[in-house]
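Chemist: Chain residues, written in single-letter form:
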Amino acid sequence: MPITYERMKEATARLYEWSLRKVPDDTLEALRRARAAESNPVAQRTLGILLRSAEMAETQDRLVCSDSGVPTYSIGIGTAARLEGDIRRAITDGFQELVATTTPPLLKHVTNPLTNERSHSGKDMPLVTWDVIDGAAYLDITCQPKALGSGRWAALEIFTFPTLEQIEAYVMDCVLKAGSQHCPPVHIGVGIGGTFEHCARLAAKATLRPYGTRNPEPVLAAMEERLLKAVNATGFGPMGTGGDTTALGVHIEYAAGHGFTPVAVAFNCWINRRTRARLHEDGTLERIE
Amino acid sequence: MTAPPPEASLDGLRRLRLPLSREDALSLRAGDMVVLDGEIVITAGLPTHQRLLEASRGERPLPLDLEGAALFHLGSYSRETAEGGFELLYMNPTTSTRFNALMPPLIRHFGLRAVGGKGGLDAACAEAMREAGCVYFAFVGGGAPLLSDAIRELVSVHWNDLVSHYRLVKLKVEGLGPVTVGIDARGNSLYADLAGAARARLPAILAGLAAAREAAK
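Chains Z and R are the protein sequences, given in the same order. According to the working numbering, the first sequence holds residues 1 to 289 in order. According to the working numbering, the second sequence holds residues 1001 to 1217 in order.
Keep in mind that the hints were calculated from the coordinates and are not lab data. Accuracy of the hints is not assured; some may be wrong.
Unchecked claim - Mimicking EDC-like on lysine to aspartate or glutamate, the simulated pairs with C-alpha atoms at most 20 Å apart in a straight line are:
| id | chain 1 | residue 1 | chain 2 | residue 2 |
| --- | --- | --- | --- | --- |
| 1 | Z | K205 | Z | D26 |
| 2 | Z | K229 | R | E1214 |
| 3 | Z | K22 | R | D1024 |
| 4 | Z | K229 | Z | E217 |
| 5 | R | K1217 | Z | E225 |
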């Protein structure tokens, strides 16, 4: 049985609803560890409040944050998966159905950039990026509603043949610029290389990697570790009111490119919003995160 | 359900009645954690701030009294009820720095005693706050369940031609917090201090990165 419009529409809505209510387990674990390690009492208490908010949202079926974000999905299409009907339209319709029916209702965050008018729909909504998974008989769907508080601090600069030192200094510039404002402790994603648009996607992809994982490339694994220490040495702390925990993780992805090397830096707020599921041909939605 | 972490409890924290008295505002220090009770006015809208500014210049009527008020950058979902009134479903802070340019005249004109949100305000705002005797309270972002539970009464909703989070909403709260005093009425700002400290540390941080790169070779 192929994957249908109806199933895709449902999956779009369910993933979104989950992501607004459930802070990922790796993130809760990282927040707990940070709370135990904090030397600043206000920061420790703030981390406790964040954990309490996450727990209330999950157990009481409530939204963690009022900024339900702009809808973004990344979808891996299994090359062995059979599809039937308008899969792209299913995503648009699925989001529309969600906003029409979900409880509590969502605020209007989708913004027309030409007029600043806000609603629940707009050009290219939801934002979707596509990839291909060789051999898989499912769709791998990640939903990452992007909020304004963290979304606005992402940045990209193009260098020519940069040294690691230049790359790391740029990441620190971005961290200092965001300062207290992106709802820390944040998840920092860094993209290095490729082209302008590919690099931005790498940074976003890096923010999807669970805490505790390392890039298999030893140069980047070491960079992830030292950048995390460097970011936390800034002292902005939880919610930017001071402390040892400004980031819970720095994750880096890279691609080969020409000698012009983009470096992109993206931030997820402490909620680290993401849900991921596989939509199988038999119609089951297998929740992974 | 597991017990809440002790840090999220309100026990042992100073309770403040809003609108704040001048004495209470001046008694607070940046870094204090407190809990709020009383009347607050909230909005998360830039157009709302522009309207407030127009009202302060007499260019449009002001729909509620803001003299000495607590005006917070909290967005909320206000829904019309069958009886023609409103109910407030949830609320949560937004980044205050987006309103940096508009806050000093509002703080001065209305003599705001408290402002708040998340992420802080800039030096020009802190100066206006010092002159007016006003403090900034930092709310936790992503605190919608906790913060919304403090709502006791929806007093009024204004400018409801705007999208919900932009509306000007007056409400009564009990046990709102804990919140951290981010900027006190003497001009001390955690945000300015932390940004300054981070900038001062940057050379040492970059030297640390260089040493770690060297060690990894």
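Chemist: Identify every previously stated hint that the structure contradicts and give their numbers, smallest first.
Modeler: 3
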